[in-house]
Every structure is written in structure tokens, then in C-alpha cells.
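So the sequence lines, in the order shown, correspond to chains W and F.
If you count the first sequence from 1, position 509 lands on 509 in this note's numbering, and the numbers rise without skipping.
If you count the second sequence from 1, position 186 lands on 186 in this note's numbering, and the numbers rise without skipping.
Check each hint, because a few of them may be wrong.
What the hints assert, rightly or not - Simulated restraints, written as ranges between beta carbons of each label pair: (1) F:108 x W:787: 29 to 35 Å; (2) F:188 x W:706: 51 to 57 Å; (3) F:60 x W:684: 29 to 35 Å.
Keep in mind the hints are simulated off the structure, nothing from the lab.
Source: prediction; values computed, not measured.
All residues carry an ideal CB built from backbone N, CA and C; glycine is no exception.
Letter by letter, the chains look like this.
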Amino acid sequence: MNEARPDPDALLRAALREGRGRLKVFLGAAPGVGKTFEMLSRAAERRDSGVDVVVGVVETHGRAETAARLRGFEVLPRARFAHRGQTLEEMDIDAILARRPALVLVDELAHTNAPGSRHDKRWQDVEELLGAGLDVWSTLNIQHLESLNDLVASFTRVRVRETVPDRVLDQAEIEVVDIPPDELIERLREGKVYVPEEASRALGHFFSKSNLSALRELALRRAAQVVDTQILEMVRAQALGGIWGSGERIMVALSEQESAAELVRAGRRMADALHAPWTVVHIETPRSLQLGDGARKTLADVLHLATQLGAAIMTIPAASVTEGLKLAASEARATQLFVGKSARSRWFELRHGSVVDRLVREMPGIAVHVLPLASMPQAGRSTSGPVSPWGTPRAYAIAFGLTAVVTALGSYITSLGSITNVALLYLLPVMAAATRFGLRPALATAVVSSLAYNFFFIPPLYTFTISDPQNLITVLVLLGVAVVASQIAAQTRDQAELARASALQNSTLAGFARQLTGIRHRAELAMLLCGEAGRLFDAHTVLLRPHAGELSVEASVPDGAQIAAIEMAAAQWAFDQARAAGNGSDTLTASEWSFHPIASGDQVHAVIGLARRDAGRPIRPDQLPLLLSLLDQAGQTFERIALEEQMTDVAQMRERDRLRAAMLSSVGHDLRTPLTAVVGLLAEIEPANTLQREQISEARGEAERVNRFVANLLDMVRIEAGALQQSLEPVDLAEAVSAAAHDLRRVLDEHPVEIAIPPSLPLVRIDPRLFHHCLINLIDNAAKHGPAGTPIRIAAVRKPDGIDMAICDEGPGVPAGEEMRIFDSFTRLDGSDRKGGTGLGLAIVKGFAEAMGLKVRAENRRDHTGARFVIGFPASLISPASAEDIA
Amino acid sequence: MTDATVVLVVDDEASIRRLLRRALERQDYRVVEGVNAREALASLSIDHPEVVLLDLGLPDRDGLELVPLIKRSGAALLVVSAREATDEKVAALDLGADDYITKPFDTDEVTARVRTALRHRARRETPAEEAVTAGDMEIDFPKRRVSKSGIEVHLAPKEYAVLAELARNAGRVVTHAHLLRKIWGPAHEADLEYLRVTIRAIRRKLGEEPQSSCIRNEPAIGYRLISG
Chain W
1 MNEARPDPDA LLRAALREGR GRLKVFLGAA PGVGKTFEML SRAAERRDSG
51 VDVVVGVVET HGRAETAARL RGFEVLPRAR FAHRGQTLEE MDIDAILARR
101 PALVLVDELA HTNAPGSRHD KRWQDVEELL GAGLDVWSTL NIQHLESLND
151 LVASFTRVRV RETVPDRVLD QAEIEVVDIP PDELIERLRE GKVYVPEEAS
201 RALGHFFSKS NLSALRELAL RRAAQVVDTQ ILEMVRAQAL GGIWGSGERI
251 MVALSEQESA AELVRAGRRM ADALHAPWTV VHIETPRSLQ LGDGARKTLA
301 DVLHLATQLG AAIMTIPAAS VTEGLKLAAS EARATQLFVG KSARSRWFEL
351 RHGSVVDRLV REMPGIAVHV LPLASMPQAG RSTSGPVSPW GTPRAYAIAF
401 GLTAVVTALG SYITSLGSIT NVALLYLLPV MAAATRFGLR PALATAVVSS
451 LAYNFFFIPP LYTFTISDPQ NLITVLVLLG VAVVASQIAA QTRDQAELAR
501 ASALQNSTLA GFARQLTGIR HRAELAMLLC GEAGRLFDAH TVLLRPHAGE
551 LSVEASVPDG AQIAAIEMAA AQWAFDQARA AGNGSDTLTA SEWSFHPIAS
601 GDQVHAVIGL ARRDAGRPIR PDQLPLLLSL LDQAGQTFER IALEEQMTDV
651 AQMRERDRLR AAMLSSVGHD LRTPLTAVVG LLAEIEPANT LQREQISEAR
701 GEAERVNRFV ANLLDMVRIE AGALQQSLEP VDLAEAVSAA AHDLRRVLDE
751 HPVEIAIPPS LPLVRIDPRL FHHCLINLID NAAKHGPAGT PIRIAAVRKP
801 DGIDMAICDE GPGVPAGEEM RIFDSFTRLD GSDRKGGTGL GLAIVKGFAE
851 AMGLKVRAEN RRDHTGARFV IGFPASLISP ASAEDIA
Chain F
1 MTDATVVLVV DDEASIRRLL RRALERQDYR VVEGVNAREA LASLSIDHPE
51 VVLLDLGLPD RDGLELVPLI KRSGAALLVV SAREATDEKV AALDLGADDY
101 ITKPFDTDEV TARVRTALRH RARRETPAEE AVTAGDMEID FPKRRVSKSG
151 IEVHLAPKEY AVLAELARNA GRVVTHAHLL RKIWGPAHEA DLEYLRVTIR
201 AIRRKLGEEP QSSCIRNEPA IGYRLISG
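Extracted from the complex, chain W is given alone in its bound form (with noise of 0.2 Å):
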């Protein structure tokens, strides 16, 4: 797509833009998780709609679902044509392009065409086929893009050679086609899925279950990179409680102070002030190789916080901070650094420059914050340094022996005739001597070789006098080599010496990483952790997870360890204090143990013991950031096993809702067409005389009370499910009681209803059928009381904290001390049962004014003439619309 020259394709292409037919791609993990299928079927669809679609080419691999699937489709015979005398087949371009359907099915995206094919790859063809303005659909593995295909060969030990560039996908609809990997690898053993012949033993183990975890992973989030991302956002926001909105990326770095922990939290409220993500990173120069324990464990203690504070960490090896810094900062793309200035002497800066100079002249774009640190702490010279400077005996005697040896060559040069540059030669042994083992030996060999040249070799011969004073010059040149050649020397075996501790841990991270990606359980995760935990620190290990409020051994290495009650103190203060506990620790020191917890963000998911088999400490100072960042993953891992769990509770929730609100409806369709039918039948019948015209009368009364109970039982069920849903509107008061009065004509025949709700009473915000079921049951009940004739009066008045409307009957009123419990199920007051009932009436009343915030009470009327059932509106409900708005 090479815009700048004037191609007369590209013209064509820019022309038509506008008609460009959309790509959909079915992306999967693997082969065999059904792509094929899966578009055939969606195609399926379409085609039933009315849509124009035809196959453009189609593998069904023998499968034959997909066979199957294929039928009913237009599919155009493939172009054949001749190439080396052979005929080789290849989807044809021209028949589609001719035949113009509304949507293509080209399966296999990556496929390489035939040689002599117009391209040389399928995906040129589909190309083609959008520019001239028809849809297609396609199918692509997602180890066949381009971006991915070294990283999937990397850790799948498969390569493929067939790719598709990045922005044939970038420009698609991405469909992910997914399923569990043990269920793909169930339909691997089954024979399901298409393997060539030749490849079939690389595949093998292409197909363990690590393999198609990561590539289940990549696949989906790569397809959640094209997918909106405000989409993505939105999903963080809710499943994680953050939004990295800013665009802000924070970077502290940190040296071994102590006070290293000040800079950390000023990182952290700085990434909660812009919602930025923020990572904590630590520059290891040859220099922190000599650091002394104590500097160690303030790091460690440092890195630890950082962790809990919600920082990436991240420990980059470099020559120096400065250089380390700024690899650090392009990686971690941050856009703002923190660092800590040490009152150091003035003589120092102005010899070494200042850190903080060089980071602002040579990072460009990223703010640099300094913060003044307290001075550095005496940091004791590590004891147990990797490489002692004054080397070993045996290195003198190897450097004084090449010297020997050197000497006795000269002299042999020296007999064969007169060589000047003798002295040359003695570079030989300094050299070695720097470069081997150090600055002491090298320039204890700079001193005896000098004095064996001038013993040897100067004039006068056999004496430690040095007459010429060029002589001199040797001497101090073997002396120079010797110091700049052990110091290079020493830097790079540093250097050497930190990558390749850096590596070893990092590729231990990467593969606890990939490891974890596979894992869908706790104690699968537990035993993981364990068992590494274990292998790398060559400890005793136990994992700890609160089972019903209390710490519990989920897994340990080996298997079966048991920990003692002061163990299990030390191991639950680690829990609630998040923070480590035990041996090695400033807590409960005397536990054989060390714990840690396992945490992501504030939460701690879980605690894990280490302790040696010899009971010293359990962990090095130096090697607590490597299990530091491992339970960080750990920690993240069971934050994201929680989350899945959630969301398939949500699942499993949404399906009971699903069943509950189906057997309500059919319950409710199940009794109400036999209510409807006999409620229908009476009303059909003729009365012959009055006694007749009564018990007609009376028996549709009853068949309407029992669709009342029908009505109040699958209320009551929705109230204890916690399954109302309410959707209030402005209700006016007066009106939702005639409405109920309405409702309950035939059984107010007897009641007369007073209703004294005043027209100026504002409205009320409510779900209206909620209260219309509230009306219903409290005039029922009020007509179910009341002896007949007597009235039944409903009265709404304004108060100053709301409105009450009170629903008054002339029974016998409310037994004292009853009038709470008159409103639980199935409660009917003595005396009551003669009324019939259930009992339910009250208590559906109460749940439904409750679940819309009003408040209910029974009482008995001043002049005691009857019960009197009050429904308090709180001022909030009401409705602010007035008169003068609608006009």
C-alpha cells in the first residue's frame, strides 16, 4: 500500500475505499477449536436471512460436522491449473470476482497458495476480493500472525512459516473461537482434529495443555486489543476498581536507603492522584554487588512495600543508574520518574557528576521529580563479597610462575641475539594476572615482573639497579597495565556475573509466568507455588489459605508438613498484617519458619512458609525480591482465579433467575387458565332462581380469592427470592386507589369505601404495581375484617416528613402487642381463621413498601372502632413536579 508512488492499483484502490467490502476473522488458539464450523454456521445464518453468500474455498480437513455444515452453500469450484506439469488447485479469484455475492467464506486466512497463483498468499487474495467492495469472512490460527509468530515459536517449539501481517487484522471484525484446551485435547485423542502427517509428532507437543493455555490467552487478548477499547476499559474498571485513564505511566527508582521508602509512597500518591499505573524499579550496578547485608535487606524491605503498594517491580542490571534508568523508563514507556537525591559531599558530584543532572539532560519528555533523601547509611562491606581483592595464594603462584616462565623465555631470546622490547613480553603475566584475578595480584605481578626484568635484563645484569631511565618507564608502564586492565577486567566480570543473575531470574519468572497462565484453581496454584517455591530456594514449603475464617495448609513440599501452633501465629500475623512474619523477620523470630503473604493489591489471598532443612534462615537477603516477585504473581494469579469465579457465579445466578422467573410464569399460567376457565363457566350459567343466583355469586367470589392467593403466593416467592425489580414513576395516591377499588368491586360489594386523599397532595415516586398489590391486600383484608355494611376508609394526609396514608376497617382491631407481628407469613391473629386467608397478605404488603422504601404499621383507630394499617411516604419519594411545569 505504498501511497507515495503513483501506482495505478493503489489509485484504484484509494477510489474505491469507500466501497471496500469488511473482513470478519474467526480467530482461534489452535487448529481444531471449531473456526471452520463456527463460520460456516454463522454464515448459515446470514444466508437464511437472504444474504448472498458463497464458499470461496473451504477445508473441511474430513471433519465431518463441517462437511455436513457446508451443504446448503454455493461453493465455486476451485481454479486448476498447470504448473510443472503437475495440476494443482487454488481457490479462483476470478469466478468470485465474476460471480459478486454479497459475503465470501474463505477459510484459512494464513494458507500459501500453489506457485503460479496470482499471490503468493490467501490473504492477498482476500485483499483483493474486500477492494472490490465484497465482505469476507475468514478463519486464522493466532499463531499465524506476523507480530506473534516468534513468540509463539518461542515457548511452542513450533514455527510456521505461513504469516499474515498485522494490518489485515488490525482493519477485521475479530470473532474469537474458543474452548477449554482440555476439551480441544480430548478432540485431538479423539482423532477431530486435522493434523498433517508430517507434522504430527511437533505438534504433540504443540498441544500440551501450557501451550494452549498461552495461546488461548494470546488469541483473546489480542482480539481484545482490536475490540473498542473504551469496552476494555469499562471491564477494567468494574473487575479490578481502577481506571488507568491518564495516560500518565510513573517510574520510583530506588537505591538502598532506607529512606528509599519515603520515594515509594511518593510514587504511589502521585499514581492515585492520575490514576496511572506505576512501577517500582531497581538499576543493580556493580556497585550494589558489594552491598552489605543490612543495605540488602532495607532493598528487599523497600521492594517488599512497593508490592503491597500496588508497584510493578522491576530490577534491571546496567553499568550504570543512569544508563539503567533510561533502558528502565522506554521499557515501562514512563512518563514520569521519581528519584531520591542523597546528600552527598560537593567534592563528590563535581568528580562524578550528579545522577540527577544527567537523568534530566538525557531522558527528555519524562518529568524527573527529586526528592531529598536522608544521607547514606554506613552500608557495611558485604563479608561474604563474591570475590575476595586480595585474590588467592594459588592466583600468585599461577601470575608468579607465567612470570618465571617468561623470564626464561626472554632469556632464551635474549641468547638467540640482542632483543630490545623484552619487556614486552612481560605484559604477558600482568595481563593475565588483571584480567583473571584482580587488581592485587595483577600488580603484585607488575612488581615482580618488573623486578625480574630489571634482575635479568637490565643493565647491569643480576642487580636491582635501574641505570637507564627508560628502564624506569618499563617499570611503571607494567605498573599502568596492570591497574587499568584489572579494573576493565573486573567490570566486566561484574557485569557478566549480574546479567547473568538477572537472567537466571528472570527466566525463572517467565516460566512460573507461562506456568500460571494454565492454572484455574487455588490449589492447583498452591501446589505450583509450593513446589517452585521449594525447587528455587531449596526450602521446606507450605501454603496456608483461610478456610472458614481459619488458616489452613492447602499444599505443601514435601507433601504432609505439619506446623506447629506457634508456626501457625507467626503464619496468621503474616496473614492479618500482610506482612512477612517469622524467621528471618522482625517478628515471631522464633518460628523456624518464615511466612509471607501472598497478595494482590490490599488483599491477601493466602500465606506461604519456607524453612530450611539445617533451620537457619530460610531466605538470603539477596534472593527476597526473586520470591518477592513471585508471590506477586501468585498473588495476582489467585485475584484472577477469584475474578473467573465471580463471573461464573454471575453466570450461575443469571440461570437461576432465568429458572425462577420461568417456573413463576408457568406456575401462574399453570393456575390461572383452570381459575380463568371455571371463573368463565359460572358466569355462563343461567340462574333459575335467587338461591341459584347466590351461590354463582359465591362461588366466582371464591375462584376470584384463590387467583388472589395465586397472586399472593408468587409475590411472596418473588420477595424472598430478592427478585423484585422495580421501575418507579410518579404515582397519584388518590387514583392508585380507585384503581385497586377497582380491582376488588365484587368484594367491596358489602364495604362501602370512604376515600379522603385531598387533590392537592403531591405525587409520589413508586413502582406502581408493587403498590397496587400493597392496596389490594391491605382493602382486602380490611373488607375481610369489617363486618358487613361497615365502611372502609382510606385517607391520605400531608406531614411534614412525608405523607401517611391510613387504611381504617370497624373490625376488632389489632390485639395489643400484636401489631408487628401481624405483618410476618402466615400469622393469623386469633379469631381470624373464620375469614380465611393465608396469612400472606401482611407480610407481602410489608415486603413490597419496604423494598420501595415506605414504611408500614397496624394499629387500632383512636376511638377504637376497628385497625387502622398506615403506609408512610418519606419526603424523598415525593415528587417535585408541580402545576406550573407542564402547562
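Starting from the known structure of chain W, arrange chain F on it as the hints suggest.
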């Protein structure tokens, strides 16, 4: 009976179909039955019913899906459903159903609703009525005049518009959303306060209490003018 009005009853329960058949046949309608959506659609093109009584809970398809199809045939449509299914009723009315009947129903009520629906169906073909009466209230459309017991009642324009819309659909439920859309405009479709306050003003001016008003409130659904 060849020129009798044809009513299609769609319900999967035989007892309900029998009940409706007898009630309707007593009123000299010719009744055809459908057990499910498939039969209902077939009957629609074979029997050309003028009224369809449709139970929304059908075994083979969601009853709501049939609403537009039935309306397209030109038949008047009454949906039959359970009391709880308010949303379903509103949806059916919004899709064009003429009215709804709640189970368990009075057969007298059903035949009354069928008559109302037929009257409205006929009105689409003949010029609109000039006046509608409800009790002692009369609304005269050409003169835009409302009177109660012969005495003219002065209504504000919006009040008249609401009353006129209810009167044009006399006997049928008119949904809240429909009234708000038609009289206040689509932007006010959810402003139910407007409607509540206006209805209250109309009743006050007509001198009616809510329980005896010619405008009946159907909770969560709409209003109905009880004509005659």
C-alpha cells in the same frame, strides 16, 4: 352465518379456547381457533379474522413477535395475559395491540372489548365521529368543546388534547408513553408527572373523583376513557 364477523382465538389451552368460543358465539361471531403461533399465522391468511384474541404465552414463539404480524393483516388485536405481566402488556400495546385482557377475565368484559375494538377498526374506514360521550360528559371534536351535564367546561389546550386523545380511543387503554409522545412530544415520553397532573386537572374541572371518573387509571400502563 357467512357474513358473520370472524374472531381468531389463539391460546394453547383448550379450556380457554372453548370458553371464549362459547362467549363469542353467543354474540354471533364466527370463531376460529389457533393452538400456537404457526396455526395463528396460517389462520390469519386463510380466515381473514377481523379480531384476534392472542395469548402471549405460546408454546412455539414469543407472542409479542406475532403482534406486528397480526396488525399488518389489518385485524384488531386484543392480547390476553396474566396480571403480573405488565411490561409484556405495555410492549404489546406499543407494538400496536388495541387492548389487553387480564386473566382471569370476565367473558362479558371480553365481548365488550371485542365490540370496542371492532368499532375502532370500522372508524378507520369511515369519517371520525364528531362527538363522544362518557356518562354525562360530552366532547365535541369540531367545536373543540367539552361539556359536563350540558354545561361547558373550559380546559387548557394540553388538557383538551389529552381528553380528546382518550376520547378518540374511547373504551381502549392508551399507554402513558403514547399520550406523552403525542401531546408533549417524544422528548417528554418519560415525563409521567405531566400526564398525572393534567389528568388530575381534567377530573377537577369535570368535577369527578378518581374512583368515579370516566377516565380510568390502569396502573403502570395507561388510561382508559369509559365511554357510553
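- [ ] Return the numbers of the hints above that this structure violates; sort them in rising order.
- [x] 2
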